[in-house]
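Number of protein chains: 2
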Amino acid sequence: MRHALALARTVIHTTAPNPRVGCVIVRDGRVIGEGATQPPGGPHAEVCALRDAARRGESTAGATFYVTLEPCSHYGRTPPCADAVVAAAPARVVVAMGDPNPLVGGAGLARLREAGIAVTAGVCQEEALALNAGFAARMSRGTPWTWLKLAASLDGRSALHNGMSQWITGAEARADGHVWRARADVVLTGMGTVLKDDPQLTVRAIDLPRQPRKAVVDSQLRLPETARLLDGSEVWVFTVSDDQDKAERLARRNARVIRLPAAAGRVDLAAMMRWMAGQQVNEVHVEAGAGLSGALLAADCVDEVLAYIAPMLLGDAAGMVGLPVLENLKEARRFEFIDVARLGGDVRLHGRYVERWQQLMTAAAAF
Amino acid sequence: MRHALALARTVIHTTAPNPRVGCVIVRDGRVIGEGATQPPGGPHAEVCALRDAARRGESTAGATFYVTLEPCSHYGRTPPCADAVVAAAPARVVVAMGDPNPLVGGAGLARLREAGIAVTAGVCQEEALALNAGFAARMSRGTPWTWLKLAASLDGRSALHNGMSQWITGAEARADGHVWRARADVVLTGMGTVLKDDPQLTVRAIDLPRQPRKAVVDSQLRLPETARLLDGSEVWVFTVSDDQDKAERLARRNARVIRLPAAAGRVDLAAMMRWMAGQQVNEVHVEAGAGLSGALLAADCVDEVLAYIAPMLLGDAAGMVGLPVLENLKEARRFEFIDVARLGGDVRLHGRYVERWQQLMTAAAAF
Chain A
1 MRHALALART VIHTTAPNPR VGCVIVRDGR VIGEGATQPP GGPHAEVCAL
51 RDAARRGEST AGATFYVTLE PCSHYGRTPP CADAVVAAAP ARVVVAMGDP
101 NPLVGGAGLA RLREAGIAVT AGVCQEEALA LNAGFAARMS RGTPWTWLKL
151 AASLDGRSAL HNGMSQWITG AEARADGHVW RARADVVLTG MGTVLKDDPQ
201 LTVRAIDLPR QPRKAVVDSQ LRLPETARLL DGSEVWVFTV SDDQDKAERL
251 ARRNARVIRL PAAAGRVDLA AMMRWMAGQQ VNEVHVEAGA GLSGALLAAD
301 CVDEVLAYIA PMLLGDAAGM VGLPVLENLK EARRFEFIDV ARLGGDVRLH
351 GRYVERWQQL MTAAAAF
Chain B
1 MRHALALART VIHTTAPNPR VGCVIVRDGR VIGEGATQPP GGPHAEVCAL
51 RDAARRGEST AGATFYVTLE PCSHYGRTPP CADAVVAAAP ARVVVAMGDP
101 NPLVGGAGLA RLREAGIAVT AGVCQEEALA LNAGFAARMS RGTPWTWLKL
151 AASLDGRSAL HNGMSQWITG AEARADGHVW RARADVVLTG MGTVLKDDPQ
201 LTVRAIDLPR QPRKAVVDSQ LRLPETARLL DGSEVWVFTV SDDQDKAERL
251 ARRNARVIRL PAAAGRVDLA AMMRWMAGQQ VNEVHVEAGA GLSGALLAAD
301 CVDEVLAYIA PMLLGDAAGM VGLPVLENLK EARRFEFIDV ARLGGDVRLH
351 GRYVERWQQL MTAAAAF
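Those protein sequences? They're chains A and B, same order as listed.
Position 199 of the first sequence, counted from 1, bears residue number 199 in the UniProt record's numbering, the numbering being contiguous throughout.
Position 174 of the second sequence, counted from 1, bears residue number 174 in the UniProt record's numbering, the numbering being contiguous throughout.
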């Protein structure tokens, strides 16, 4: 299964909106076929592995399949993988996570069992889910999996009072930030950051088949048509403004203005997340200032926190997130540190909101 | 040498103001004697190891000594260890760090070499120095080695606006904080913390031969005579006030009021550190609010930062350290993360100011 997970990781940038899946076929202790899901319209991992076995002249009868996700049981752009697996006549299929779509989950495994194939499910489920948390979130709850990238000093200051923030963290931390940008479907920022830093929001120094889509929360539609992020690719601009003139001017720069319901005069962020899921967005990487970061947290739209901490203390300077004032520490929603890494001179603290993860684990349980 | 360092660690709470030293004597690949420095007035590590060898009936002639600190060459409360080592006629002496006292450093090793003993110096110097940074700082620069203990949320907030701060971090982090308190000679806090939390400042849940001394920076001599930290042990109160009445009332509670020079109307913190070194204080553990923590940083009185980070974001709440506003990130003094540890649900980030450590390494170089 670890090998199948490694195969799935090799297609992390190419399968969206489909899940990243790997498959390994083993017989008599030998790998006789392996594969990973191809770009949309192409074959899924199981079929790739079967073709690989055929190419090697190996028979799959009586073999064991290791698949990181329950084989699909429905016709999409490709025929159901479960049928292809049944036709290969394996003795056993080992699956990491179940299909998180509540309408079809379990049907793939049921199809295999009906055919008399032994099924083992839930092997390395956490690792498999971490690769496809976005797909699982979209399927099971109708919103993307969203992480908040933050960079700050040890005392949680992300910029000086005069706005200076480049660069608090070092080159290794910034490069790692691009790795996370690269795997996301959407890189989201706020107007404060656009007006202050005029970021490009592209992924640099990583060879990608596609750049993640850029998106801006711009409640008042203040986005300058000269903003550097408007680089010709379609950029999503979420607003509550009905300024048609501005929307048309932005459209000429290939910005797609999406008018959303308002919440206290600003974009309803939960509605924005649902809209993105409707566009088949699995993963959202947020790189914004304290305003939007705090608003997303307050609106319960954040699943993970990716904080890069630099070895300095800045004292009285700009905070990382703006949140409503708490009266009791019990009100603070705690997450869980799932990983701690050193990157050059900085430290990356990776946190995850436990209950949101548990919901996904439940949705991705395989029986 | 690692074994000698482990022996030195066993006496971490008992040798002050002397350094923590371990010694292992090896002959023909066998340990024939070992020891660690006894409480002040008692024998040093080398003599303990020699006595251990004698007790075992082993001859030290031709053996190798591993000592974590250069053997002393002067008469203190005990005769020079270098003479005892020479009398033991070893073939070789391996030393981790040199004597950091600039007046005597190198004399111990010179004494050994004059006697025809082969000397290897600088083995595991960093580890040895980490055990005795306080002794080295006091000897080489005339101030204690000082670490700042901080506890905060991921966004660097140490208390809510209403003052609530108990407990941001969990039980494991708090227990670890007591381990650091325990090794220090002095636990230092500020009046803000005393008035807000009324802390005891004692070490709990660790069996100690002595409690570290408590000390308070109290520029205006506002310490209530009923403060819980006044528990009968002598407490140092640093002030610039000349309120004799208050000082006498505090003296009845065994508080020793130390009047120090003022810096901008408050206690001159550098002078306070020099005063403590004059009292043979090697290590100071600071556990204070943003005011004193920031003032110590601004006065260049902090060598290490020990930050316990809890997995939560608090937004607009009290900061960790109060510091003068910076205009440029280049002005921010960077430290270096030397260790990252997970403690229960929290993370401990241990930082050290590089240039201050390098000064100690130079002072503790062994030739």
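Don't read these hints as lab results, they were simulated from the structure.
Among these hints, one or two may not hold up.
Because identical chains cannot be distinguished in the list, a pair is counted as satisfied if it fits within a single copy or across any two copies.
In silico lysine to aspartate or glutamate, DMTMM-like type, Cα no more than 20 Å apart, as pairs [said to hold, decoys possible]:
id, residue 1, residue 2
1, Lys246, Asp52
2, Lys196, Glu248
3, Lys196, Asp268
4, Lys246, Glu234
5, Lys330, Asp316
6, Lys330, Glu114
Going through the hints against the structure:
1. Lys246 / Asp52: Classified as neither; 53 Å inside a copy, 87 Å across copies.
2. Lys196 / Glu248: neither (24 Å within a copy, 58 Å between copies)
3. Lys196 / Asp268: For lysine 196 and aspartate 268, the Cα distance exceeds 20 Å both inside one copy (23 Å) and across copies (40 Å).
4. Lys246 / Glu234: within (16 Å within a copy, 72 Å between copies)
5. Lys330 / Asp316: between (26 Å within a copy, 16 Å between copies)
6. Lys330 / Glu114: This pair counts as neither: shortest intra-copy Cα distance 50 Å, inter-copy 67 Å.
Against the hints set out earlier in the document, violations occur for numbers 1, 2, 3, 6.
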